[in-house]
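**Student:** In case you want the letters, here they are:
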Amino acid sequence: MSQKTCECQESKCQNSDIDCATVKQMVAAHEKKPASLIPVLQDVQQEYGYLPREALDIVARGLNLSVSNIYGVATFYKQFRLVPQGEHLIKVCHGTACHVAGAEGISVVLRSDLDVEDDETTDDMKFTLESVACLGCCSLAPVITVGEDTHGRLTPDKAKKVVSKYAK
Amino acid sequence: MSKTATDKFTVNINGEDHKVEPKTTILDLADDLGIKIPTLCHDPRLKPFGACRLCLVELEGARNPVPACATILGPKMVIKTDTERIHAIRKTIIGLLLSDHPSDCLTCDTCGDCRLQEYAYEYGVREADFKGGELHPVRPQESDPFIGRDMSKCILCGRCVRICDEVEAAFAIDWTYRGFETQVNTPYGESLLDTTCEFCGLCVSTCPVGALTEARSKGKHRVWEAKKTLTTCPYCGTGCELELHVKDNQITKVKSRPDSLNHGNLCVKGKFGYDFVNSPERLKKPLLKKGTDFVEIEWEEALGLMAKKFAKIKSENGPDAIAGLSSAKCSNEENYLFQKLMRSVIGTNNVDHCARLCHASTVAGLAISFGSGAMTNSIDDIEDAGAILVIGSNTTEAHPIIGLGVLKAAREKGAKLIVIDPRGIKLTKFADVWLPQKPGTDVAVLNGLMHVIMEEGLADKDFIKERTEDFEALEKLLPEYTPEKVEEISGVPADDLRLAARMYAEADAASVIYSMGITQHTTGVDNVKSIANLAMLTGNLGRRGTGVNPLRGQNNVQGACDMGALPNVYPGYQKVAEEASRDKLGKAWGCSLPDSTGLTVVEIMNAAADGSVKGLYIMGENPMLSDPDVGHVEEALENLDFFVVQDIFLTETAALADLVLPGQTFAEKDGTFTSTERRVQRIRKAIKPPGEARSDWQIITDVANAMGDDMAYNSPSEIMDEIASVTPSYGGMSFERIDKVGLQWPCPDKDHPGTPVLHVGKFKRGLGKFHPVNFKPPAEEPDAEYPMILTTGRLLNQFHTGTMTRKTEGMDEVGPIASAEISPKDAKKHNLKTGDKVKLVTRRGEIEANALVTDKSRPGIIFMPFHFHEAPANRLTNPALDPIAKIPEFKVCAVRIK
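Keeping their order, the protein sequence lines are chains A and B.
Going by my numbering, the first residue of the first sequence is number 6, and it counts up by one from there.
Going by my numbering, the first residue of the second sequence is number 5, and it counts up by one from there.
The set of hints was computed from the structure by calculation and includes no laboratory data.
Do not take every clue at face value.
For the chain A half of the interface with chain B, some residues (derived, Cβ under 10 Å), not all of them [as the list claims (entries may be wrong)]:
#  : residue
1  : P39
2  : L42
3  : I43
4  : Q50
5  : R58
6  : S73
7  : Y76
8  : T80
9  : Y82
10 : L87
11 : G91
12 : L94
13 : C139
DSS-like cross-link-like pairs, simulated, lysine-lysine; straight-line CA separation at most 25 Å [unchecked claim]:
#  : chain 1 : residue 1 : chain 2 : residue 2
14 : B       : K860      : A       : K37
15 : B       : K837      : A       : K38
16 : B       : K860      : A       : K38
17 : B       : K412      : B       : K27
18 : B       : K433      : A       : K29
19 : A       : K29       : B       : K843
20 : A       : K29       : A       : K96
21 : B       : K833      : B       : K843
22 : A       : K37       : B       : K829
23 : A       : K38       : B       : K833
24 : B       : K231      : B       : K692
25 : A       : K37       : B       : K27
26 : A       : K29       : B       : K833
27 : B       : K860      : A       : K29
28 : A       : K29       : B       : K837
Note that the Cβ used here is the ideal one computed from N, Cα and C, for glycine as well.
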């Protein structure tokens with residue numbers, strides 16, 4: 006791990022990739038209100054792709070909440086991730102329309118192709134695979150998103166090809 | 005409060021009318037009446053939660069049954085606690101819980117002590133009615149020190165989560181995930197060691213099933229196999245009640261009963277720190293030094309040698325060439341006999357003990373202000389205070405259970421919390437205002453508070469007029485201590501000082517809690533007098549929730565002082581210098597008593613170094629780690645002609661002795677301790693001692709008799725009867741009377757109920773006396789050569805010189821070892837990070853410690869605990885003394901990082 010000397014010099018910050026100042030800034034942007042916990046966590050996840058332990062320490066101190074309390078909230082909501090995610094997050098839609106149009110087939114192929122189960126990340130940290138409920142674009146079923154991009158009217162083979170483009 | 009709110013009203017429960025107070029829950033009433041209502045999520049230490057639904061009862065007029073724990077009674081309510089419908093509901097709930105609970109009673113450690121098992125039996129639920137549902141997998145138990153977690157047995161009542169939050173304020177665990185996946189866990193499922201867990205074991209104490217257990221008791225025995233003995237905790241002066249569980253002469257578990265003074269709450273030391281008792285390192289036979297090694301000898305030879313040596317020193321150099329250090333760890337009976345031995349058999353007043361190093365300033369300062377040198381109020385008073393001023397006390401670490409009271413008052417009862425401490429201790433996080441003063445500037449800060457109180461007309465003029473004297477002198481002194489001047493001296497922001505002064509003075513009842521941050525200074529007595537001034541100025545004495553409350557550090561340091569293990573007073577603080585006392589005690593003990601005041605701890609060491617003290621008898625103390633400038637102590641002890649140590653281990657000090665006598669721990673003998681709130685409490689024999697170790701009271705009588713005296717006591721109870729006969733404040737004490745909860749002195753006669761609050765209506769000395777005190781800087785201040793301040797203190801998980809705590813497996817793991825706490829700013833300057841070795845140098849010596857970078861320390865200040873022989877902080881401390889109390893300045897010296 007790279008060594009950053011964090012300005013606060015707290016022992017937990019010293020050996021981490023987390024930039025203390027950035028997280029503090031996020032807390033400050035929400036006026037240090039404990040009620041803003043969820044938006045703060047969303048900002049942290051936006052920055053790091055997940056909720057790193059060290060960042061929660063800083064959030065806890067900034068909002069005057071306990072880490073265990075924050076962890077309880079973070080695990081309550083499906084949207085928060087607690088382990089680093091891959092560079093590209095693949096969401097396979099399993100809404101009613103996609104289900105009928107063969108979403109499971111897409112998931113099966115991607116799992117085998119990437120050699121991961123749902124909610125897991127490939128060893129090279131490129132992809133994280135997720136199954137989600139309706140993505141809201143049923144006319145394109147079956148559909149996946151890779152990062153911010155949406156890909157519709159897929160077959161298992163097409164899906165594999167789409168994903169392979171991101172692998173480079 | 006309006007009249008109706010306090011009026012009692014009538015309710016009907018199970019067909020009977022009862023009058024109840026407002027704000028009573030159905031469960032409270034049922035408990036009072038002995039009506040049994042089953043509960044799983046309820047603990048009287050916690051706020052009502054209403055999660056388990058097992059306590060549902062019928063309320064007439066309500067559509068559905070209501071939870072008894074969370075339903076406040078109202079006028080004319082009609083309740084039925086055990087109808088057929090209720091019975092069926094409870095049976096269903098128990099069945100639901102059992103349907104996803106391992107049927108592990110055959111091997112579960114909690115079997116026999118499990119509420120779910122108890123209710124399954126009571127309600128006849130043999131097996132789950134709900135089969136085929138999804139089950140939580142059984143997982144292996146997490147391995148943390150002390151606390152065993154098997155969450156497959158968890159019933160999600162939330163008691164552990166809530167007690168960790170509401171009572172301990174440690175916030176180590178919480179509910180995680182959601183729905184069926186919900187489980188109680190640490191953040192990221194990490195070990196408790198990586199969380200804010202304080203290892204108090206409150207979660208274990210409240211868990212109604214076998215999910216949380218005492219890890220090291222696993223597989224030792226079931227609850228019914230243990231012999232249980234009620235006793236008093238041997239660590240700090242709070243006086244928590246313990247229940248020792250013993251099997252095969254081994255302490256296997258420590259619990260505390262819910263109806264105890266401490267409400268069943270214990271800290272990590274009291275709950276888990278018992279290994280020292282059964283340690284294989286315990287001394288089992290007397291040891292005599294031959295050359296550089298010790299050899300085991302028989303008791304007869306040891307006692308004969310001791311008598312011969314002391315007789316020789318006495319005849320050649322006089323009795324004052326012998327000195328004794330008694331022990332704040334030993335019982336009242338033992339301290340009484342020790343000083344009696346020194347005074348009546350050896351014939352010297354050279355007897356002292358470690359109170360000299362902790363609260364000598366309190367004993368001196370409060371005695372001249374109020375007439376009595378003890379905590380004025382009781383521990384449970386704190387919760388009634390409107391404002392609590394904590395100064396120089398890291399309460400949650402050094403007196404954890406009193407700390408819980410402070411937290412409860414501040415968090416739940418709305419008390420204003422003012423913390424004056426140079427370090428960012430835990431209490432500062434809950435404080436309404438924190439005044440971080442520069443170490444050693446307490447008098448200035450206290451005078452500043454009084455300045456503001458006078459200036460803003462907040463003084464209690466009636467109290468000053470009727471109950472005190474010499475106010476004018478203080479009044480003259482205060483004007484110069486403006487908040488701005490105080491800020492210059494102490495670094496405390498002037499406006500914060502004003503805020504704190506108002507909070508303290510405006511409360512109906514305000515309590516001051518202090519400890520060694522106040523006393524261990526060359527201005528220790530001045531600090532104490534200033535606190536006394538502040539309390540008198542605002543009339544905060546003689547009522548519940550008020551007072552000047554010094555927290556005593558050792559389990560029986562109050563008792564050791566009460567028993568006269570001090571060079572200037574006999575039991576009950578009767579003065580050696582007064583002829584009447586000498587005559588009275590001389591008559592009682594059948595001898596004539598020496599009239600010259602004896603030497604104090606540090607003076608004894610000096611006298612040993614210069615050869616005027618030749619013989620020393622130390623019972624249960626370890627000055628090689630506890631005294632200031634231990635390099636000097638070592639020289640002194642090696643200079644003695646004959647040196648006897650009586651202890652349970654071969655301590656750093658005992659290693660230097662000529663003769664070592666094996667004593668007994670609190671678990672092996674009967675007796676009494678006096679807690680910080682002046683409560684005399686029983687300790688009881690729970691196990692047999694190792695080898696030939698003798699109880700300390702027995703050893704003292706043996707020594708006395710070997711020296712030609714005829715001390716004969718059949719039991720500690722007989723010694724207490726003698727104590728009562730010569731000690732006015734203990735006049736009404738006896739083992740019989742203190743059997744249940746103890747008695748608080750003064751208790752002058754057999755019918756006296758004891759005294760929870762001192763100075764009610766009148767001070768012990770008549771009028772309270774104001775003493776104007778000017779600020780004086782510490783004996784040693786930072787300079788160019790030694791630019792930083794070193795201050796010393798304690799950690800939560802260690803005690804004193806570690807003789808007891810460090811014998812417990814796992815105890816060293818749950819806190820830092822040999823640490824030096826340093827601020828982030830200073831760490832950066834010296835390029836240090838946590839875990840780095842750091843060399844600290846003072847004018848006395850140098851040591852190497854492990855840097856711990858934390859914002860608890862402020863720039864320019866280094867904190868070191870004094871528990872560790874690996875980095876003995878007292879090689880660095882300054883032995884400069886308070887001129888009156890002779891207490892050394894442990895809290896401030898100048899230091900540099902090498």
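**Student:** Would you settle whether the hint for Y76/A is holds or violated, based on the nearest Cβ-Cβ distance to chain B being less than 10 Å?
**Tutor:** Holds. Min distance 4 Å.
**Student:** Holds or violated: are the alpha carbons of K231/B and K692/B at most 25 Å from each other?
**Tutor:** holds (13 Å)
**Student:** With a cut-off of 10 Å on the beta carbons, see whether L42/A makes it to chain B.
**Tutor:** violated (13 Å)
**Student:** Would the hint linking K860/B and K29/A be met if the CA-CA limit is 25 Å?
**Tutor:** Judged against 25 Å, a Cα distance of about 19 Å means the pair holds.
**Student:** Tell me if the interface restraint on C139/A is satisfied: Cβ within less than 10 Å of some Cβ in chain B.
**Tutor:** Cβ of C139/A sits 20 Å from chain B, so the hint is violated.
**Student:** Please verify whether K37/A and K27/B have alpha carbons no more than 25 Å apart.
**Tutor:** violated (36 Å)
**Student:** Would the stated hint for Q50/A survive a check requiring a Cβ distance to chain B of less than 10 Å?
**Tutor:** violated (15 Å)
**Student:** What's the verdict on K860/B and K37/A, does the C-alpha distance respect the 25 Å limit or exceed it?
**Tutor:** Given that 25 Å is the threshold and the Cα spacing comes to 21 Å, the pair holds.
**Student:** Would you mind confirming whether the straight-line C-alpha gap from K29/A to K837/B stays at or under 25 Å?
**Tutor:** holds (21 Å)
**Student:** Take the shortest C-beta to C-beta distance between T80/A and chain B; is it under 10 Å?
**Tutor:** Holds - the Cβ of T80/A comes within 10 Å of chain B, reaching about 4 Å at its closest.
**Student:** Given the hint that K29/A pairs with K833/B, does the C-alpha gap stay at or below 25 Å?
**Tutor:** Holds. K29/A to K833/B sits at ~23 Å (cutoff 25 Å).
**Student:** Does K37/A pair with K829/B here, judged by a C-alpha cut-off of 25 Å?
**Tutor:** Given that 25 Å is the threshold and the Cα spacing comes to 24 Å, the pair holds.
Going down the numbered hints, you'll see the structure goes against 1, 2, 3, 4, 11, 12, 13, 15, 19, 20, 23 and 25, while the others check out.
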